[in-house]
Structure formats: structure tokens, C-alpha cells
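Undergrad: Take a look at the letters that make up each chain.
There are 2 protein chains.
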Amino acid sequence: MSSQNDESATQALPDRTQQNPAEDKGEEVSKNAAKKAAKAAKLAEQKADKAKNKGIGKSEAKMPTSKTPKKKIDGAALIGIDVSKEEDFPHWYQQVLTKGDMLDYYDVSGCFILKPASYFVWETIQNWFNDKIKKMGVRNCSFPLFVSEDVLQREKDHIEGFAAEVAWVTHAGSTPLERKIAIRPTSETVMYPYYAKWIRSHRDLPLKLNQWNSVVRWEFKHPQPFLRTREFLWQEGHTAHLTEESAAEEVLQILDHYAHVYEDLLAVPVVRGKKTEKEKFAGGYYTTTVEGYIPATGRGIQGGTSHCLGQNFSKMFGITVEDPNAKGEDKGASLYVWQNSWGLSTRTIGVMVMIHSDNRGLVLPPRVAEIQTIIVPVGITKNTTDEERAQIYKDCSELASKLAAVGVRTETDLRDGYSPGYKFNDWELRGVPLRLEFGPGEAKGGFITASRRDIPGKDGKTTIPLNSLTTAVPELLDTIHNDLYKRADDQFREHRKQITKWDDFTPLLNQKNVLLIPHCLTEECEDQIKELSARKAEEDSGVAQDARAPSMGAKSLCIPFEQPEGIEHGVTKCLNPQCTRLAEKWCMFGRSY
Amino acid sequence: MSSQNDESATQALPDRTQQNPAEDKGEEVSKNAAKKAAKAAKLAEQKADKAKNKGIGKSEAKMPTSKTPKKKIDGAALIGIDVSKEEDFPHWYQQVLTKGDMLDYYDVSGCFILKPASYFVWETIQNWFNDKIKKMGVRNCSFPLFVSEDVLQREKDHIEGFAAEVAWVTHAGSTPLERKIAIRPTSETVMYPYYAKWIRSHRDLPLKLNQWNSVVRWEFKHPQPFLRTREFLWQEGHTAHLTEESAAEEVLQILDHYAHVYEDLLAVPVVRGKKTEKEKFAGGYYTTTVEGYIPATGRGIQGGTSHCLGQNFSKMFGITVEDPNAKGEDKGASLYVWQNSWGLSTRTIGVMVMIHSDNRGLVLPPRVAEIQTIIVPVGITKNTTDEERAQIYKDCSELASKLAAVGVRTETDLRDGYSPGYKFNDWELRGVPLRLEFGPGEAKGGFITASRRDIPGKDGKTTIPLNSLTTAVPELLDTIHNDLYKRADDQFREHRKQITKWDDFTPLLNQKNVLLIPHCLTEECEDQIKELSARKAEEDSGVAQDARAPSMGAKSLCIPFEQPEGIEHGVTKCLNPQCTRLAEKWCMFGRSY
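Chains as they are written, first to last, in UniProt numbering: chain A, 1 to 593; chain B, 1 to 593.
Hints may contain errors.
Stated by the list, open to error - As a list, the in silico EDC-like pairs of lysine to aspartate or glutamate whose alpha-carbon atoms are at most 16 Å apart:
id, chain 1, residue 1, chain 2, residue 2
1, B, Lys-280, B, Glu-160
2, A, Lys-555, A, Glu-279
3, B, Lys-132, B, Asp-256
4, B, Lys-573, B, Glu-584
5, A, Lys-573, A, Asp-503
6, B, Lys-585, B, Glu-568
7, A, Lys-221, A, Asp-157
8, B, Lys-208, A, Glu-322
9, B, Lys-85, B, Asp-358
10, A, Lys-208, B, Asp-101
11, A, Lys-444, A, Asp-395
12, B, Lys-134, A, Glu-411
13, B, Lys-134, A, Glu-165
14, B, Lys-274, B, Glu-562
15, A, Lys-99, A, Glu-123
16, B, Lys-573, B, Asp-478
17, B, Lys-315, B, Asp-264
18, A, Lys-585, A, Glu-523
19, A, Lys-315, A, Asp-503
20, B, Lys-135, A, Asp-503
21, B, Lys-530, B, Glu-568
22, B, Lys-132, B, Asp-264
23, A, Lys-278, A, Glu-411
24, A, Lys-134, B, Glu-123
25, A, Lys-135, B, Glu-562
26, B, Lys-382, B, Glu-411
27, B, Lys-497, B, Glu-565
28, B, Lys-394, B, Asp-416
29, B, Lys-134, A, Glu-523
30, B, Lys-135, A, Glu-411
31, A, Lys-208, A, Asp-157
32, B, Lys-208, B, Glu-123
33, A, Lys-135, B, Glu-411
34, A, Lys-134, B, Glu-370
35, B, Lys-280, B, Asp-504
36, A, Lys-134, B, Glu-411
Claimed, not checked - Here's a subset of chain A near chain B, in silico, CB distances under 7 Å, partners left out:
id, residue
37, Asp-107
38, Leu-114
39, Pro-116
40, Tyr-119
Worth flagging that the hints you see were computed from the coordinates, not collected in a lab.
C-beta: ideal position from N, C-alpha, C; glycine also.
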């Protein structure tokens, strides 16, 4: 790959990138490109306004979480992002998603439209994960959207965690239903009565089912696309095992798959660990988790959870088998099965966007990008003949076919009337990982000019000889993936501070870090830390914090599996100054989504 | 393939099939198999009873549509189907689905659980169809489950078709919502406000989106698994085009894909055609359809519909572009886009089951069977040594690996303590298309014994030399598919009667036929035919009809694209004796689901 990063080659490259199509200069054929672009953008705005008047996109208008006015980026392109990630993260996130064609706001608050580009990411995750779990013997199925009140409320701790957020159907047409019916917030209570019916003997174990569906949790907190939505897409796996060991093994297998979805598909680093008692799944035995980190806000984010439910639900729902290992007097004794549940949602997409994208728009990791490579014809001027232009277009299409043949998802942008600069902006906004430029110069030299989305300007430019195109492009896409991951991983590591003095806690928290501290793992102590760090944040700054630097306290994110040295059992104290207990583990705390 | 159907070979085969495990004789090692099977069945029954007491499976108890007692099949296996398809179709269908492990009843009426075997069929359809539509430029996406009252009601004709069946959410937790929110019965009104926003110019056309989701139609008629359910899974495609031609072309492409899902995956014949004005999609321009036929009841069934919506919705929702072809004075004139919508649901699975399955249980067409081939070890007796048994098991596993390597979905059934007869019954019940038996005799002879699920007894048996296993089995699976299709197609053709005398209409209808008649295509006339054929049915039989031979009148199923000769325009009369109009087309009428 070193040849592609050859400085001398890249420095000789023309910079055809034009931040603003209105600044487009003479070289290109279409004098009217800027006008057309401006007109198109204006039309779009008018249309959007019209739609808003009809009530569409209303929630978009309401969306801002911060009270401060939008911070505009000076000279930002008309079609591009006009607030910066650093200064107004909530608006930036909104713009990256909507202008990057990933998502649209919807007229039912808290619900969002997943446009094809983001749904493609989800489909890629689905295919990858289906392949892994099917190899584990998991089978997909489909349980109903609805759950009766009786069944929903059978497990008390569990339902307490969801009760306030359950959406209730009370009417069909104008007819009131005899009994109101809930929309599932998750499917434990939907499925487990049937596990009790289906599991007749230890031969039926393990029972491993999964479903891809949507669930509804009618949260009253401020909704945020992908991260906190009232309906969201996910998969939920529900399995039953004869032994705790079998259940425990699977919990970790699944967690590992979740980690790899982040690492290998989304180029997002995560920390694997266990949730504390306070943060575990309501009604479960223990919860394992992969935790991510959003550098722009310094907040942790739960990426996916794999729960061992123990025998709690099997006792509530009467899921038993005859113990095959019971001997003598115990023969015929029944055994409550061990259960797991595990879920990964479209939140994955939000995490990916927040981490990688920049002030030019979306940045998609190559493995989940619907379009991995966009080929743009360049160097067409007023003096170019129709034949020459036709030849360049034809060459572009042929290059696209060659790349498609080796599995690279490639498109060409042969739109007339738009300048290369306009097109460059457009595809950057949509996060296409790699742009290939091809014109008379490239044709003559037998190469193609490549521009990486993840490295702006000349540093991200290189040339690829045409005869190595079909090997070099896939390699370059892999390099982009690895570099995206490394940058995010470096940031996460820099902001994961291991501390042993309480006085460091809140200042470091306020500097966008998550903190590894010796902790007693009790709920009471967690509550204290949350309170202490929340108050301190306000004192420090002297002003009320807005959504960008929340005054919320820190909570425990996870007990990382990878434990540093330094805790001497029976000696090391819990870091919380108000706590008198001994430390059990290094526990990761942080502000969190 | 002819060698496999060699009579002399099949006649020499042992018949190891045992209808009732309790009748299992000495040959097999497990003397206790029958007892165990009986015990397992009893336990299962007790468990089911227990579950019912908890309210689970209640709707199953309520399910029967006919008032007559179940007709038991004499000598039916304990675990098998105990009513016959011919005598008690509704109970038979219920048993085939539940005992075949395809589906379970759910404690919210009208909702059902799709177990892995049926969900696999759906996944296979999804993969196949996704491949086809992606090649057409359709992209998948996800719109919300919820739709506001305002938006839902914007298109009057459309909503009239669904209003009585819309489920309404009115509360979240114990908090009443400000405005009640509907669960989508279909997504036209959910999506089209956004089409108005997104489609800015003719360059954005065609816009082709699809989603895989579930919709809710709270029907008050008697629910039937897969055929009439309050929640069902489907795909819904929604596209926008610049011209009627472009829309019309796509309507037929999609209809063709639907036909091929039935024909090529489910081995189900369908008739392609157009719906009459009376039966078309509410609010649409015209509807095309694939229509199937259920021989056991003689009823037609709508298999999937592809609608051209015309410009009706685009006018309601203001989806316009500037006409790119307008010249002179018309320049700048705006144009309402042409729209299509098309949907295929899990109803497909019900049709497939009703057509192919028999009194031994489910019959799955090979291309959608999760397990295509089950390998069962045979010929193990009291005198078989442990080593010999281990060798046979090992051979079975190796054969399975070989088949898996060529893409045949293969499992082995090496359960101890169950006789081959018991296993045969079990896999037949689950519809596995091909059973392979392997024992000492087969090992010695270098062959494997194959039993087709679709041809019972010795006629379906053949032997396959081990050295041609990996080519012969895929070929045999294709043969099974083709034979299943041909049998169903023959039946459909036999029961599709072209008639020109009204007096033949109701008698032939009562003989489980669908009828091709010269028809005027008016709604008034259809209503008359429905009334005439309903009344006549009761008169003919003298007693009220039950669900198996419904007294419902005939309705128009479709105007087949393939029109027979015989209608002379301006001369041929509509067949309805009360109608004075001229016939326009041959129209297919029938009782229908």
C-alpha cells in the first residue's frame, strides 16, 4: 500500500475539490452548474417548507436540544453542513443524518424514517450477524407485536423497568377492545409462556431463537435519531439451556459477535465488560455489554447487551425439564432452565455516525457503505469534443464494471450540468468512502485519481495505475476501514483514564473522559457518585450546562473484562470518598447516552 | 433420473415406515421406543394443558370454524394428524401447522407465532425477492409503525377501505396521548408525504423504495393462520415514476416476480391477471394480481397484488416535478408523478401448506424447506455391536457432510431410544422433502435408500448409489419440486372451467371449481352474481353450509391476462342472466379466501 501514499505522487495532483459550487471556475464545461445547483437547493428548500406547512417535518423543527443559536461554519457549501461538530454537536448530528440522506424526521415525535443508506448498514449487520448465529444453531422466527396485559405483567421486576413506556392499543376502528393490548417493549414475556409449552424434555435444549423486529418504548425524554427513539429496529435473541455453563458460554459468544459488529463492520472500538447490579437488565441475573465512546461529547454509550437471565424467568413462567443427571432419590426431579436474552439495535448506526463523520458530512466505513466507490469524470472543458466526453464517460462506466466484478459497490456520477466540485461535495456529504476521478489526464497517464473520504484534501489523494485497480481499490477500502478504527480507538484510549484519586474524577469527566476507578460495585455508592459528579460539574463551570456538556452525573458503564492491575483485595478502598467499602473491581464510569 | 424410478429396485426395498410407533416390532434395538414416545406425547399434552390453564393457547381452543366434531383418522399415529384433509379441512390445517412445527397459536386473538420452519420459508422468499428487486434499482428502507390520524385520513377512498380495521394507540404507560396514533394498515399515507418532500425534480425519478415489515388490520372475521391474521409480515414496495409507461412496466415486472415466488419457490401455480374495478385496491388506478387455488375447498385465493396507483395519491399528497418534456408555453409546468405499490405477505406460506400437505402432515417444497434431506440410520438390531452402530452413525454424518458441501440442507437423526418408524413419522409430519435411510444393508450394497415425502409408500422409494449421491440428491429435490408443481397445476387446470351457460355456474361452483365467464366487468353485475350464486348454493344443498363448503357467493378473482377466444365484441352477452350488458372479457369468478 505504500506506493499509494507516495507523497511525490499526491503532491502533483490537481485539487479539483471545490467547497462551494458557486465558486466554480472556468475549467469545467457547465457554466451554469452553480446557478443550477443554487436553484435546485432553493427549490428543495421551498419544497421542504411546503412540506412543513403540511405538518411534515414538524418534529425536525422542534429538534434542537440546545437553546443557543446554530453556529454556522463560515463559507459552508450551500448544500453542505452549516454547523460544526465541535461547536454545535446536536445540530451537526441532525444535519449529517438528513443531508447525508440517512434519515428523515417524521411527524410522529420520536419516530424516524430510515432511508436506504442507513437501512443498508442495518442489512449488512443483519447478514453478518445471521451468518454467525446460524452457525451457533440459532434459528430466526417471528413473535407477535402485541402482548396481553396479563402476560406482560407476570414478571414484576422486569415490567417495572418498562411499564411507564408501554404503548397501549385500546381501539380497533371505532370499536373499543375488550381488554387493552400492549405493543411489545421487548419480548421476554411475549415468548416465554411458549417456551414453557415447547420445552418438554432436556432433549429440546438448548432452544435458541432470534427475531429481527421493531419494539416500542414510549420514552418521554428528548428523542434522538438512532439513539433514543420510540420505535426502533433490533434483533432479540432468546435462548434456554440445561445448565448455567451452557448459558454463560453463549452470553460471551454473542457479546463477542456484538463487539465484532462494531469493530469489523462499523470501525468502532468498544470495551467489553459486565454491567453492575444497578445497571443490569431488569429481572435478569447478569448483563454483559460492549461500551462505546463518543469523542465529541465525551460520553460513553451502551452498544449492545447480552444477558444471562438465570432461572428467574423460567421460574415465573414454569419452564422446566426433568433433570437428566438426577440419580437415585432425585430421579424425575425437575429443573428450571437457564435463559439468556441479547439484543443489538439500530443504535449501532448512530454511534458509527457520531464517531466518524465530520464537518463535510457523513463518513461511512467502507464495509457498510451502500456505495463504496463513486467514479466522477473530470477535466471536461469547453474545448472537449462530444466524442472525447463520450469516451471518458464510457471509460468511467467500464472501470465501474471492473470494480463491481470484484465485489466493490461502485457507482458513476455522469450527471450533466453539475461540475465535479458540486459532485465531490455531494458524495462527501453522503459519506462515500472513496472517490475515483477519471479524465483526459488520467486516461493519458493510465491511472485513476483516488480521494479518501476519511482524509480531507491532498493528504487523502493518491493515484492508482489502471492495471492494478481491481486489487488496489479493495485494499485501499480495507486501509480506510483500519485507519477509521485506529483513529477512533486512539481517541477512546486517550480518554479512558485510570484514576486513583477522587479529586481527579469530576475535572477529568468534564474534560470528556470516561474513568476507570476502583469501585465497591454497590448501588448505593453508584448513586452517590452520580450525585457528586453532577453537582460538581455545575459548580466548576459556574453556569448551567446545556446538552452539549451535560451536567448529568457519571454512571457506571461497565466492569471491563480486561482489568488493570492495582486493586489489592481487602486493602484497596472504593474511590468514592463517601463510601467506606473496599474496592471489588476497576469499574468504568462516565456520562452516558 | 430414470434409474431412480426403477421399479425392480424399489420393490425390493424394505418398508421400514411404521405408522404407529406403538406397533413397532422386534427388529429395532429400542424396545422402549414406543413407551417413550407415548410418554413424551403424554407429557407434551399435559404441558399444553398446563399452558392452556395459564391462558396460553386459548385461541387455539377457540379455533375450530366448523361446528361438526373432529373426524378422526382411524389408526392415526399418536403424534400425527388425526383428522383428514378431505373431511375436516379447518382442523386438518390447524394440526398440520402446529404439529408440523410451523406455527403456534397466541393468546392475543388473530396473532400467531411463526416458528423457525415457517420463518425460514419467509427468509427464503425475502432473499430471492430482494435479489430481484435490487436488480431493478429498488432500495430497502424502514418507515415507522405509527401514523398520525391527520395523515392517515388524507386520501378518502383509500382510508375507507381500512378505517374499520385500524388499531389505535391511545396511551403510553398510564399517560393518555395528546392525539391517538394509528398502527399502519399499509404505508401509502405513511410514506407519500415524504415522497412529496424528497422528489424535487424529474432527476429524482424513478424513486423505488421497499420495506419488509408487519402491518396490522384488526379484522373481526374469523382469523386463520397466514391467511387472515391481525398482524402479518409482508413487503411493501412504493415507487414513483415520471410516466405512466414506466409505472406500468414495473407493475408487470413485479407481478412476474410474485408469480415466480409461487411457481419456482413454493411449487404453487397461479393465474396472472387484473382485478375488476370492484376488487381493485382502494384509491388506486388498477390492480394486477396472481390468483391461486385451494383444491381441498375449491376456493380461489389472492396471492399477491401489484398496483398502479396512477396520479391519485400524488395529487392528494402534492408529489410533483417540473415536466422535463414541456416546451414553449408549457415550460415550467408541473407534473404529478405516477405511482405504484405492491405487496406480498406471509399468506404465501398458508397457500403452500394448504395445497401440498396431506394426511401425514406437512409437505414442504424443497427450495423453501429448512431441512431438505434427513438422514436416518436403520437396520440396527439387538445383535448390532456398539462398533457397528458407531460406524453407521459415522457414515450417516459423513454422508450429511457431503450433501451439505454441495448445498443440500441436510440433518441426521441419530437420536437413541427412538425407532426408525417413529423418526420417519416425525420427519414426515414436519414435511422434510426427502428422507435418506442408511444401515448395514445399504453400507454393504454401496447405496442409500431414498423416500420422497410427496409420494407415500413404496412408490416414493428408490435407491441411490453412494458414488452419485451428490448429484442425484439435488436432482431428486428438483424432481420433487417439479412434481409438486405439476400435481397442483393439473388440479388447478381441471377446476378452472370455461363456461358459457349461466345454468352451469352454481353447480360447477359447488363442485369446487373456479369459473371463467364472459363478463361485462361492472360492479353492479358482480354484486348480482355474488347474490345469485350464494342463494343458489343453499337451495341446492338444502342445508346450511359450514365453513368447508361455504354458502358465500362467487366474486371476481381476476381478468386473466391469458384470454381464451370466444368473446365477440359487441355481440357476446355478459353471462349473468340479470345483466343486459355486453361481455368485455373472460373473467375468473370463484368462492375465495
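Undergrad: Hint by hint, note whether the structure agrees.
TA: The hints, checked one at a time:
1. B:Lys-280 to B:Glu-160: Holds - the C-alpha atoms of Glu-160 (chain B) and Lys-280 (chain B) are around 13 Å apart, at most 16 Å.
2. A:Lys-555 to A:Glu-279: holds, 9 Å
3. B:Lys-132 to B:Asp-256: Given pair Lys-132 (chain B), Asp-256 (chain B) holds - Cα atoms ~11 Å apart, limit 16 Å.
4. B:Lys-573 to B:Glu-584: Answer holds: Lys-573 (chain B) to Glu-584 (chain B) is near 9 Å, not above 16 Å.
5. A:Lys-573 to A:Asp-503: Satisfied, since the Cα-Cα distance of roughly 15 Å is no more than 16 Å.
6. B:Lys-585 to B:Glu-568: holds, 10 Å
7. A:Lys-221 to A:Asp-157: Violated, at about 22 Å.
8. B:Lys-208 to A:Glu-322: violated, 54 Å
9. B:Lys-85 to B:Asp-358: holds, 7 Å
10. A:Lys-208 to B:Asp-101: holds, 15 Å
11. A:Lys-444 to A:Asp-395: Judged against 16 Å, a Cα distance of about 12 Å means the pair holds.
12. B:Lys-134 to A:Glu-411: Satisfied, since the Cα-Cα distance of roughly 14 Å is no more than 16 Å.
13. B:Lys-134 to A:Glu-165: violated, 37 Å
14. B:Lys-274 to B:Glu-562: holds, 11 Å
15. A:Lys-99 to A:Glu-123: The given pair, whose Cα atoms are some 21 Å apart, is violated under the 16 Å limit.
16. B:Lys-573 to B:Asp-478: Measuring from Cα to Cα gives roughly 45 Å; hence the hint is violated.
17. B:Lys-315 to B:Asp-264: violated, 38 Å
18. A:Lys-585 to A:Glu-523: Distance ~14 Å between Lys-585 (chain A) and Glu-523 (chain A) Cα, so the pair holds.
19. A:Lys-315 to A:Asp-503: violated, 46 Å
20. B:Lys-135 to A:Asp-503: Distance of about 61 Å is beyond 16 Å: violated.
21. B:Lys-530 to B:Glu-568: violated, 25 Å
22. B:Lys-132 to B:Asp-264: holds, 13 Å
23. A:Lys-278 to A:Glu-411: violated, 49 Å
24. A:Lys-134 to B:Glu-123: Within the cut-off at roughly 13 Å; holds.
25. A:Lys-135 to B:Glu-562: violated, 46 Å
26. B:Lys-382 to B:Glu-411: The given pair, whose Cα atoms are some 25 Å apart, is violated under the 16 Å limit.
27. B:Lys-497 to B:Glu-565: Roughly 14 Å separates the two Cα atoms, so the pair holds.
28. B:Lys-394 to B:Asp-416: Roughly 14 Å separates the two Cα atoms, so the pair holds.
29. B:Lys-134 to A:Glu-523: violated, 51 Å
30. B:Lys-135 to A:Glu-411: The hint holds at about 14 Å.
31. A:Lys-208 to A:Asp-157: violated, 24 Å
32. B:Lys-208 to B:Glu-123: violated, 21 Å
33. A:Lys-135 to B:Glu-411: With Cα atoms ~14 Å apart, Lys-135 (chain A) and Glu-411 (chain B) stay inside 16 Å; holds.
34. A:Lys-134 to B:Glu-370: holds, 12 Å
35. B:Lys-280 to B:Asp-504: violated, 27 Å
36. A:Lys-134 to B:Glu-411: Holds, at about 14 Å.
37. Asp-107: holds, 6 Å
38. Leu-114: holds, 4 Å
39. Pro-116: At about 4 Å, which falls below the 7 Å cut-off, the nearest Cβ of chain B leaves the hint on Pro-116 (chain A) intact, so it holds.
40. Tyr-119: holds, 5 Å
Hints 7, 8, 13, 15, 16, 17, 19, 20, 21, 23, 25, 26, 29, 31, 32, 35, counting from the list given before, are not met by this structure.
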